[in-house]
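> Residue numbers (UniProt numbering), protein chains in the order written: chain A, 1 to 259; chain B, 1 to 259; chain C, 1 to 259; chain D, 1 to 259.
Note that these hints are calculated values from the structure, not bench results. As the structure is a prediction and not an experimental result, all values here were calculated from the model. One thing to keep in mind: the hints can contain errors.
For identical chains, the list gives no copy identity; a pair is met inside one copy or between any two copies.
With a cut-off of at most 25 Å between alpha-carbon atoms, the simulated SDA-like pairs for lysine to any residue come out as follows [to be verified]:
#1 Lys-10 - Ile-153
#2 Lys-136 - Tyr-89
#3 Lys-83 - Lys-138
#4 Lys-179 - Glu-63
#5 Lys-179 - Glu-7
#6 Lys-10 - Thr-85
#7 Lys-186 - Val-165
#8 Lys-11 - Tyr-89
#9 Lys-113 - Leu-53
#10 Lys-113 - Pro-246
#11 Lys-5 - Ile-244
#12 Lys-235 - Asp-150
#13 Lys-122 - Val-149
#14 Lys-48 - Asp-242
#15 Lys-10 - Phe-248
#16 Lys-95 - Lys-186
#17 Lys-5 - Ala-137
#18 Lys-11 - Arg-92
Number of protein chains: 4
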Amino acid sequence: MANSKYEYVKKFEDDDRLPPCNWIVVRIDGCHFHRFSADHEFEKPNDKNALNLMNSCAVSMLEHFPDIVFAYGVSDEYSFVLKETTQFYQRRASKILSLSVSYFTSLYVMKWKEFFPDKELKAPPSFDGRVICFPKAKIIQDYLAWRQVDCHINNQYNTCFWNLVNSGKTEREAQEFLKGTQSKDKNELLFQQFGINYNDLPAMFRKGSCVYRDKVEETAKLDKGGNSIKRTRNKVVLAHIDIIGPKFWSEHQYILEEE
Amino acid sequence: MANSKYEYVKKFEDDDRLPPCNWIVVRIDGCHFHRFSADHEFEKPNDKNALNLMNSCAVSMLEHFPDIVFAYGVSDEYSFVLKETTQFYQRRASKILSLSVSYFTSLYVMKWKEFFPDKELKAPPSFDGRVICFPKAKIIQDYLAWRQVDCHINNQYNTCFWNLVNSGKTEREAQEFLKGTQSKDKNELLFQQFGINYNDLPAMFRKGSCVYRDKVEETAKLDKGGNSIKRTRNKVVLAHIDIIGPKFWSEHQYILEEE
Amino acid sequence: MANSKYEYVKKFEDDDRLPPCNWIVVRIDGCHFHRFSADHEFEKPNDKNALNLMNSCAVSMLEHFPDIVFAYGVSDEYSFVLKETTQFYQRRASKILSLSVSYFTSLYVMKWKEFFPDKELKAPPSFDGRVICFPKAKIIQDYLAWRQVDCHINNQYNTCFWNLVNSGKTEREAQEFLKGTQSKDKNELLFQQFGINYNDLPAMFRKGSCVYRDKVEETAKLDKGGNSIKRTRNKVVLAHIDIIGPKFWSEHQYILEEE
Amino acid sequence: MANSKYEYVKKFEDDDRLPPCNWIVVRIDGCHFHRFSADHEFEKPNDKNALNLMNSCAVSMLEHFPDIVFAYGVSDEYSFVLKETTQFYQRRASKILSLSVSYFTSLYVMKWKEFFPDKELKAPPSFDGRVICFPKAKIIQDYLAWRQVDCHINNQYNTCFWNLVNSGKTEREAQEFLKGTQSKDKNELLFQQFGINYNDLPAMFRKGSCVYRDKVEETAKLDKGGNSIKRTRNKVVLAHIDIIGPKFWSEHQYILEEE
């Protein structure tokens with residue numbers, strides 16, 4: 001039973017290779033996570049365990065996919081940057097997108113118990129994703145800055161919002177109260193009313209999470225004479241740091257090096 | 001801290017809406033499942049539990065996504081047909097692809113224990129996927145026939161191959177032995193040498209698996225007089241049947257009904 | 001001097017083949033023809049010579065490109081329908097678009113003198129174009145109906161507008177006057193104020209122009225006995241007829257016949 | 001007669017905007033120019049008038065479209081480079097492609113008489129085209145180098161080929177004769193057999209044609225005292241020069257300046 005009669009249907013598949021010499025970003029985003037986080041009683045405005053779970057998955061992504069050079073995460077969202085010259089699946093958009101999202105999802109479910117030992121998964125978590133091409137390293141930096149500014153704006157708002165709600169306001173009242181306030185007003189509110197110095201909040205909440213490879217010095221083992229030997233190794237690291245200013249990028253030029 | 005300075009990066013996202021009035025197929029495929037099935041000691045040529053797990057995930061897909069009208073699975077592959085007029089995520093290819101693959105992966109990991117109670121997942125299973133548009137119902141039928149013919153060809157070959165290997169041949173010898181054989185030769189080989197009547201093998205192995213909605217008659221409950229009341233309900237069903245010939249489609253015209 | 005060092009740039013060319021089993025429409029449109037028609041003193045609201053020139057080019061298009069099965073034109077716009085199964089340039093969108101627009105433009109300039117013997121071309125006329133895929137013949141009919149309804153709406157409006165302007169109103173006054181009027185009102189206006197029965201206007205103005213192949217009976221030549229021999233021939237014809245209703249299409253089913 | 005019933009067909013038009021921050025090249029190519037040049041008895045291997053006509057059209061293109069920053073032409077082919085940040089028709093591929101090809105074709109037909117006063121156009125000349133995005137200025141230079149190397153290879157071959165044919169060989173014999181010859185062999189052949197020093201051939205044949213804007217010093221007019229006033233003006237110029245090496249680009253950095 002040859003299959004030639006039906007093989008014409010393969011012609012409907014299109015060639016979706018992304019253009020060469022472009023950085024590729026895969027951004028994934030929790031699907032209906034508003035509800036998912038309510039169902040699983042995530043703490044508001046930030047649930048440390050949930051963020052640690054996301055970060056752990058991101059670290060595993062970089063360990064698994066060598067062409068991912070940087071990742072930035074905030075809330076239920078993560079952006080993965082593939083190097084400009086990657087030939088991963090011949091740069092086919094569908095392959096890159098589906099495999100990234102699928103592998104991340106798989107990790108998320110498998111690692112759940114590690115971060116929520118006392119909570120059962122009540123429904124299958126899922127993520128949507130998209131693939132974006134950026135022609136220059138400078139634009140990748142701007143993209144990541146865009147996500148980190150977003151992190152800041154949302155976190156500041158949410159911190160105010162949930163403190164107001166926890167102090168007795170309804171969600172609608174809290175929303176009304178914050179309408180039109182500036183960044184400075186919100187900091188003032190947190191300090192005056194709740195005794196919170198915004199800058200003392202955990203960096204993971206304020207800055208989001210960066211995952212990348214860095215040279216790390218390790219004590220490897222003892223030599224014959226019993227002395228410890230140090231060596232540097234390229235390791236995937238997690239950091240909650242500023243990536244809007246030039247400092248990080250000038251100290252880690254190898255990450256977005258152009259060919 | 002307004003975000004306007006960096007928002008220009010959003011312009012790099014492209015509009016990937018699929019054309020209207022086309023059936024959409026999402027086909028997902030296990031990634032490196034050759035190795036995954038070896039690591040988890042799947043039976044060869046077909047592991048019932050592994051197939052039942054795939055099918056269970058597919059049934060959950062149809063229960064979760066109302067716009068999937070049909071699914072066909074074989075081995076570690078599943079095709080999901082979305083109805084011609086679906087407005088799911090405005091028909092955006094990335095959303096449809098990533099969500100389908102992600103939700104399926106999530107189900108696969110969550111249901112693993114149910115089908116493999118004695119096996120731990122040793123590595124995160126993942127699936128790649130692609131999205132294909134088909135302009136006519138007839139072509140969708142041909143697409144599905146293409147997959148089912150493929151199922152037949154592969155299963156017949158694999159059944160011969162693994163019986164030869166299990167009877168003492170090396171994998172290379174088995175491969176050599178089967179080179180150039182026709183369908184009829186393979187049936188003959190199975191019958192003569194291994195006493196297997198190919199058509200007696202489980203339909204799930206020979207035909208693959210179809211998932212769709214069908215009217216099912218249920219005994220709902222007893223009425224006041226103690227008589228059982230029957231009602232018909234639209235239910236997601238699983239069947240291992242021929243979808244190459246016209247019979248199935250003429251009996252289930254509602255599945256691929258064109259507007 | 002081998003060229004291999006630079007050949008990598010070919011990888012930036014993308015594969016733009018249109019999906020199979022779709023009708024392809026190339027719609028071209030005069031670029032800045034508002035100004036072009038003013039520069040060349042086209043009559044308002046319709047210039048017969050300019051329309052005849054467009055139509056002559058369209059007829060030549062069908063004579064040159066056998067895969068164009070139908071064309072519909074109105075004002076400085078023309079839509080060309082390529083048959084569902086065309087393999088013209090492997091269905092590559094850029095090739096189909098650029099060649100259609102280029103050949104049409106070439107014809108337009110070369111035929112200009114034939115239709116405007118007393119007018120010099122003052123500037124290079126140019127056309128933009130786009131390519132659209134339609135998965136079903138019924139949708140092609142709707143597309144063409146859409147263009148013909150547009151022709152009607154525009155022509156009725158323009159006929160009123162230019163009669164008002166020619167009778168002394170400024171363009172702004174004419175515009176104001178027509179604001180909010182219905183189709184019926186406009187017919188009434190034309191009849192009452194200008195003695196024009198809209199339906200008596202030339203069909204080319206009211207219906208636009210259709211170009212297609214039809215069987216035409218021709219007197220071929222005389223036989224030996226001096227009797228004329230009739231034969232039917234497939235010929236490109238031009239007609240100004242209704243294509244919104246079903247009549248034309250049921251009488252010319254071969255034009256949009258699906259495979 | 002409202003048009004809403006059919007307007008759904010507009011949904012089949014897709015959004016084809018090219019990605020931002022990419023240089024855009026439109027390359028056009030004569031369609032069936034082998035036959036066209038035979039029909040119009042172009043001189044072989046190079047017809048000066050035909051090349052001058054192409055170049056004249058290219059100069060008019062740059063005068064008409066301010067966003068074209070450079071053009072390179074060889075034989076019946078021309079590449080037009082639009083600046084990285086062009087917003088021409090919102091970077092829609094179809095618009096950019098169709099208008100460029102259409103305007104060029106229009107110029108070609110209108111200018112024909114100027115370059116071939118004694119030849120009638122026997123058939124409508126037409127050009128196909130494609131649009132390509134390049135993410136970096138360096139790659140645009142490589143693209144143009146690719147075209148100029150091609151020009152050299154083809155011209156050297158064609159010069160040998162036609163000299164052999166004109167000296168009595170058949171086309172097939174000439175082809176056989178040149179098979180496997182290197183660049184050096186061909187130069188030797190030209191010199192030994194035909195007394196041609198390849199480097200003495202017109203630069204337009206060997207280098208192709210570049211069109212770009214340059215500062216040109218002009219004698220504008222006389223002042224009151226009768227002295228001529230010089231001024232520099234940005235003008236579209238034509239040159240037959242090397243663009244493979246770095247010299248041209250370092251002297252004209254403004255042409256491919258990145259933002």
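> Taking the hints in turn, state whether each one holds.
Structure-based check of each hint:
1. Lys-10 - Ile-153: So Lys-10 and Ile-153 pass the 25 Å test across copies only (17 Å; inside, 47 Å).
2. Lys-136 - Tyr-89: both (21 Å within a copy, 23 Å between copies)
3. Lys-83 - Lys-138: Both ways: Lys-83 and Lys-138 sit 13 Å apart in one copy and 19 Å across, limit 25 Å.
4. Lys-179 - Glu-63: This pair counts as neither: shortest intra-copy Cα distance 43 Å, inter-copy 40 Å.
5. Lys-179 - Glu-7: Between. Shortest inter-copy distance 22 Å satisfies the 25 Å Cα cut-off; intra-copy 59 Å does not.
6. Lys-10 - Thr-85: Between copies only: 16 Å across, 28 Å inside.
7. Lys-186 - Val-165: Within one copy only: 15 Å inside a chain, 62 Å across chains, cut-off 25 Å.
8. Lys-11 - Tyr-89: both (20 Å within a copy, 15 Å between copies)
9. Lys-113 - Leu-53: both (10 Å within a copy, 21 Å between copies)
10. Lys-113 - Pro-246: Result: close neither inside a copy nor across copies, 38 Å intra and 48 Å inter.
11. Lys-5 - Ile-244: between (57 Å within a copy, 11 Å between copies)
12. Lys-235 - Asp-150: For Lys-235 and Asp-150, neither the intra-copy (28 Å) nor the inter-copy (44 Å) Cα distance is at most 25 Å.
13. Lys-122 - Val-149: neither (33 Å within a copy, 38 Å between copies)
14. Lys-48 - Asp-242: Answer is within; shortest intra-copy Cα gap is 19 Å, inter-copy 51 Å.
15. Lys-10 - Phe-248: between (47 Å within a copy, 23 Å between copies)
16. Lys-95 - Lys-186: Neither. Shortest intra-copy (43 Å) and inter-copy (35 Å) distances fail the 25 Å Cα cut-off.
17. Lys-5 - Ala-137: Between copies, since 17 Å is at most 25 Å while 48 Å is not.
18. Lys-11 - Arg-92: Close inside one copy (16 Å) and across copies (13 Å); limit 25 Å.
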